[in-house]
Structure formats: C-alpha cells, structure tokens
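Visitor: First to last, the sequence lines map onto chains S and A.
Mind the numbering: the first sequence is residues 1116 to 1468 in this note's numbering, read in order.
Mind the numbering: the second sequence is residues -11 to 273 in this note's numbering, read in order.
Among the hints, a few may not be true.
[What the hints assert, rightly or not] Straight-line distance between alpha carbons at most 20 Å, and here's what the computed SDA-like set of lysine to any residue pairs gives: (1) S/Lys1124 with A/His225; (2) S/Lys1125 with A/Arg115; (3) A/Lys90 with A/Leu104; (4) S/Lys1278 with A/Phe39; (5) A/Lys116 with A/Lys90; (6) A/Lys212 with A/Leu196; (7) A/Lys118 with S/Ser1398; (8) S/Lys1278 with A/Arg83.
[To be verified] Cβ-to-Cβ under 7 Å is the rule here; a few derived chain A residues that face chain S: (9) Tyr65; (10) Leu88; (11) Lys90.
It should be emphasised that the hints constitute simulated quantities derived from the structure, not laboratory data.
Using N, Cα and C, we set each Cβ at its ideal position, and we do this for glycine too.
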Amino acid sequence: MRLIAFEMKKVVCFPALWTFLMLSLVLNGLLILGNDDVRNYFDTEKDDSGAIMGAPENVFEGYDTGVLASFYADIVRESPTAADWIRKKYSLLQPRAEQLAKSGAALDHYAGKATYESHQLLFGILMRATLVEGSICAMLVILYLMGYEQLNRTEGQVCASCKGRRLWMTKLAAAMLSAEALYVLLAGMTLAFYLGRWDYGGIWGDSVSSRFNYLTDMLYKRPFLTWHDFTVGGYLAASLSLGAGLVAVFGLLAAVCAMLLRNVYAAALVLGTVLFGGIGLGSLFSQCRVWAAYFVMTLQPSAVWLDVNVWFTESGIAAFIPWQETVAVALNLAVCSMAVCVMFRRFMRRDLS
Amino acid sequence: MLSVERVTKCYGNLTALEDISLDLAQGVYGLLAPNGAGKSTLMKMLATLLFPTKGRILWDGEEIVAMGERYRGLLGYLPQDFGYYPNSTPRQFMRYAAALQKIPRAETDRRISRLLELVGLPDAADRKLKRLSGGMLQRVGIAVAMLNDPRLLILDEPTAGLDPGERVRFRNMIHSLAEDRIVILSTHIVSDIETIAGRIIMLRDHRLLCCDTPTQICGRFRGKIFQLPADAQIRPHQHVLSEGQGENGTVLRVLSEMPPEDGVAVAPSLEDAFLAIYALKREGA
Chain S
1116 MRLIAFEMKK VVCFPALWTF LMLSLVLNGL LILGNDDVRN YFDTEKDDSG
1166 AIMGAPENVF EGYDTGVLAS FYADIVRESP TAADWIRKKY SLLQPRAEQL
1216 AKSGAALDHY AGKATYESHQ LLFGILMRAT LVEGSICAML VILYLMGYEQ
1266 LNRTEGQVCA SCKGRRLWMT KLAAAMLSAE ALYVLLAGMT LAFYLGRWDY
1316 GGIWGDSVSS RFNYLTDMLY KRPFLTWHDF TVGGYLAASL SLGAGLVAVF
1366 GLLAAVCAML LRNVYAAALV LGTVLFGGIG LGSLFSQCRV WAAYFVMTLQ
1416 PSAVWLDVNV WFTESGIAAF IPWQETVAVA LNLAVCSMAV CVMFRRFMRR
1466 DLS
Chain A
-11 MLSVERVTKC YGNLTALEDI SLDLAQGVYG LLAPNGAGKS TLMKMLATLL
39 FPTKGRILWD GEEIVAMGER YRGLLGYLPQ DFGYYPNSTP RQFMRYAAAL
89 QKIPRAETDR RISRLLELVG LPDAADRKLK RLSGGMLQRV GIAVAMLNDP
139 RLLILDEPTA GLDPGERVRF RNMIHSLAED RIVILSTHIV SDIETIAGRI
189 IMLRDHRLLC CDTPTQICGR FRGKIFQLPA DAQIRPHQHV LSEGQGENGT
239 VLRVLSEMPP EDGVAVAPSL EDAFLAIYAL KREGA
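All chains should be built: construct the whole structure from the sequences, respecting the hints.
Guide: Spelled out as structure tokens, the structure:
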C-alpha cells in the first residue's frame, strides 16, 4: 500500500496531466454551452407532453425486426457468414421489441420532441468526449508511470531493490486506480455542469426507448431498440460503467506497449498508430466489403468508443452480436490483461541495460 | 558467501564476459579494469539486472535469481549512473527507497537520519536533489545503497564526481562498513581501492585475470619498475608506464626486465601494476 501511495503521488505531481484535464473540462464546458439552443428546446419540450396531439403511438407494437435484418444482411451480402450473424442478431432482437411493446416503453415522454437532440448531445457528444479524454488520461498516466524510472535513470536501483521488478505491477495498479479516478472526476464534473444547466427532473425514470428517441444508421431511421429495459438514468449509469471498463482497456493497452517497447515515446507512437490505424482499417474493410475482417475490427476498443451513442442497442452494422460493446469491452479486458501478464513475465527475465 | 561459477555473458555475437569464476567472502573487493572491460556487466549480473548466458551466481550455495527477493533484500547497489528524482529531497527519495526495500515505516526515518549523518549530508536532507552537487548526489546514492544494511554492497564507480576530501571520507566509510559484509567496488581509478581493498579483481580480454591482494599483484612486478630521468633513452624492451615530478625534475616510471642505465629501482605501486598489465596487453607483450 505504501508503494501504491508513492506511485500515485508521482501521478499527482505530473503537471501535463492536470493541464490536459483542465483543457478537457474547458472543452466539455464549451460543448455544453455551445448547445444552449438545444437546451431551450429541451426545456420547452420536456414538460410539454400535453401539447403533443393525438394518442401516443407505441412504436414497438407489431414491430418486425426482420426488416432491419433484411436491410443489413443485404449490405453484407458478399459474406454469407456475416449475413447469417446479422440475421441471427435481429432474430434475437424480435422478443426484445415485443417486450418493449408490452412494457409500453415507447409511451414514455423522455424529452418530447427534443429527445433525439438531447440524447445525442449527452451520449453522442459529451460521453464520447469524456471517454476519449478519460482514455487519453489513462494512457498518459500508464506510460508516465511505466517509464518514470527509465526517464529518471533509477531503473537499476529499483530493480535491484527488495521489491525489484514487481514494482511494475504496483505501478500498473496505481496507474489504473489513478486513471479510473481521473475518469470519474472528468465524467463527474462534466455531468455536474451539464445537469446544472439542463433540468433532468422527472426524466430519469422514463424509458430511453421512448417513441421520441430513435437511431439513424445509413440513413435508416428506426426506434431505439435496446437489449434491456433501460430508464434514462439506468442507461446513463450503464454507459458510464462500461466507459470505465473501456478506459481500463485503453490503460492496459498502453501498459502492454510500454512493457513491450520499454521506451515511453516509442510506446506512445505505437499506441497511437494501433488505435488510429485500427479505425482506418475498419473503414477500409467496410469499403472493400471484407465483412469478416470488418467484424473483427468492430471489436477493437477505438471502434467501441466511436459507437458510444448506440451502446446497448442493436447498433446496425456496427454490431454483429447482441450486447456487442459489452462483449467487446470484456474481451478486450481479458486479452489485454493476459498480454500484460505475458509482458510482465518477459520483463522479469529480461536484461536491463 | 558469494560464488560466481563459470559465468559467461554474451550480447548477441559479442562476448562481454567469459568463464568468470570467483569466490567472495567478507571484505572489500576492488574490481579494476579499463573502461569497456566488462566491470559494469559483472556488477549488473551480481545485482540481478542482467542474467548470465552461461554459468551461475550463488549466495550461500543458492542461485541468486531463484532467491529473488531474499537475495535482493541482502543487496545494496549503487549504479555507475546514479539516478534520482530531481524534485524530491534526499529524505523523500530515501523514504521511497526504504519502501522498495520493505523497511518498516517506523524504522525508516531513524535509518535515513543516521545514514545522512554518516555520508555528511544532514544539512542537505530537505534540499531538492536537483540543487545538490555531483559529489553530494553520489553520497546520497551511497546512503540509499546502505539503507537496508546490506550484506553485499555493490558500488559501480562510486567515487566518480567526488572531490579529494570526499574521496578520502568515502574510503574511510567503506573500510568501516566492510567489517561484516562483502563490498565490491568497481573503478578504473587505482588510488580509490589501493588502500582499502583486501583483494583486487582484474579483468582482461573479458576474462578474469586475477583476484589477489594488492601485495600479491604488486609483487609480480618487484624489481621490474624503475624510475628514470625524463631525458633517458628508452630501449625497445622497456615500457614507459607513467610520467611524474621527481625531486630533480620530470621522471619516468618504466617497466623493464633488466635494470636500465641511470634507472633507480622503485617499489611497484598498484597503479604501476595496473598500467603494466594493460600496457603490456596493448603492446601485445
């Protein structure tokens, strides 16, 4: 515990991190303030359920997910396996549509006509921004702590001490704790500012699958079909929790690069290349219609991050299986943890120059 | 006791050390060799930073790599290039080092104060390390290496950056510390170890040349070191080891099998022996 505290103190004394954190909060503030026109619309619409004419429509009643299945299966038709996966996914979604129809989720008001814009702002813009900021913080912290002894030329002394090379596991634990704490701080402060300006009173308990909420993918508009009955509050909590998992994935990925390359700058370069290159590769595979490879690419952490606004939904072409973002985060956590263990074992028997 | 058994270390095709065998008991061992001879490689292997390509290193009969934490708990190590956290004070840095050495928190501050006193830095305990001179930093390094009261103290070029006064103080300190532990210090400055090392380990051509007392090493050159005036003619079988200032001007110290004309036989110093061994090697003698 004493060493974890020492390592966390190094993080606290890392000025670049706090500068980045401040800039991130300023950016998030600007994103919130820049959408004040949406807020005014939201304020008017959220309590104005009486103004909506006619009986509320239960959009899930009689909804056939086969239409979606046909649409997306046709897109990936070059790969029969991918088309099968898509059809299977949407056949599993049919009972969910029936369940949502039965529960009357679509009848919930959420934010009325301002639902789509406010939902996209909170989950598409702010969550995406917070997640990328939190992930960058995590990678920064990991690379900084992992390379700290090398940068200060203390590696030899540390490795020859009683704790020895196992200190790097302590560093990893301290860095992960710090990264998650920074993510909580970022998300907490961003949400506090957002909710200070946007009044979500009376909305938290509404279903996120309200008839006013919808998804658009490839110009195809359809109801907000989720794999579980989520209220607005529950959906936010689930997104934040999965976000914490994704931040951990990015952190572990940085740890793997740092331990593999043993050079902070090279690790940062490789990490950036892997993450941005992965996004590019995903686009390339979809353009070239290599759907099996594209499917694998949708499991990578940066692809999961990009689709934050459709998490826990059927996600269209971005997902081939139910709960794909959750499965992808769990899979990435498992793979990265194993990779860290392998790198650590290698480091234990590696010559230090 | 520390035993090095037929240890070889290769970096790819380059052999840094070959077939080194040593047995070390309590006392001061000076590891003396020119730069690039493999001193730091040997020190780093003893500190478990490098692993032998062949052979093994044992502490009381047990392999040090297998001992892991138990071995490193007995070890104090000062690397050639002592690293530190520039914005920490010596006290803060030593607290971190104490945590790494698993020294109980209650005991930490008492040990730190005692060691800073020992290395003559009690007044600098709370100054930032980046504000300390090279010599002061080196003394902090020695204090850090002594923090766990090691039974094996490895000091890689510990006197680099120390002024003459500090060197003397360091030598005295090492001498007193060596009573109940093994101290191995590497250097290419002969005077650092001449007076304190019980045994001198010399490496040549990446192999062990000797592990003898200074007297034994100097004894090999008894009757072969002569002092000559600077203008004396040097014969082909004579090797100039060094040049210095005598009572009547500049003099040369020469290695020669036969007494040279105008030559005065002098007692060989460890520096003469060191220069003779490596000069002869350079000249292919």
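Visitor: Could you run down the list of hints and mark each one as holding or not?
Guide: For each hint, the structure was consulted:
A C-alpha spacing of about 65 Å is found between S/Lys1124 and A/His225, which places the hinted pair above 20 Å, so the restraint is violated. For the suggested pair S/Lys1125 and A/Arg115, the alpha carbons sit about 18 Å apart, so the restraint of at most 20 Å is met. Between A/Lys90 and A/Leu104 the CA atoms are separated by roughly 19 Å; this keeps the pair inside 20 Å, and the hint holds. Annotation: proposed proximity of S/Lys1278 to A/Phe39 holds, straight-line Cα distance about 18 Å (limit 20 Å).
Between A/Lys116 and A/Lys90 the CA atoms are separated by roughly 24 Å; this puts the pair beyond 20 Å, and the hint is violated. Under the criterion of a C-alpha separation no larger than 20 Å, the hint pairing A/Lys212 with A/Leu196 is inconsistent with the structure, at around 23 Å. Between A/Lys118 and S/Ser1398 the alpha-carbon distance is near 50 Å, which puts this suggested pair outside the 20 Å criterion. For the suggested pair S/Lys1278 and A/Arg83, the alpha carbons sit about 14 Å apart, so the restraint of at most 20 Å is met.
Hint status for A/Tyr65 relative to chain S: holds, with the closest Cβ pair at about 4 Å, below 7 Å. The restraint placing A/Leu88 at the interface with chain S holds, with a minimum CB-CB distance near 4 Å, inside the 7 Å limit. Hint status for A/Lys90: holds, given a least beta-carbon distance of 5 Å to chain S, under 7 Å.
In this structure, the hints that do not hold are numbers 1, 5, 6, 7, in rising order.
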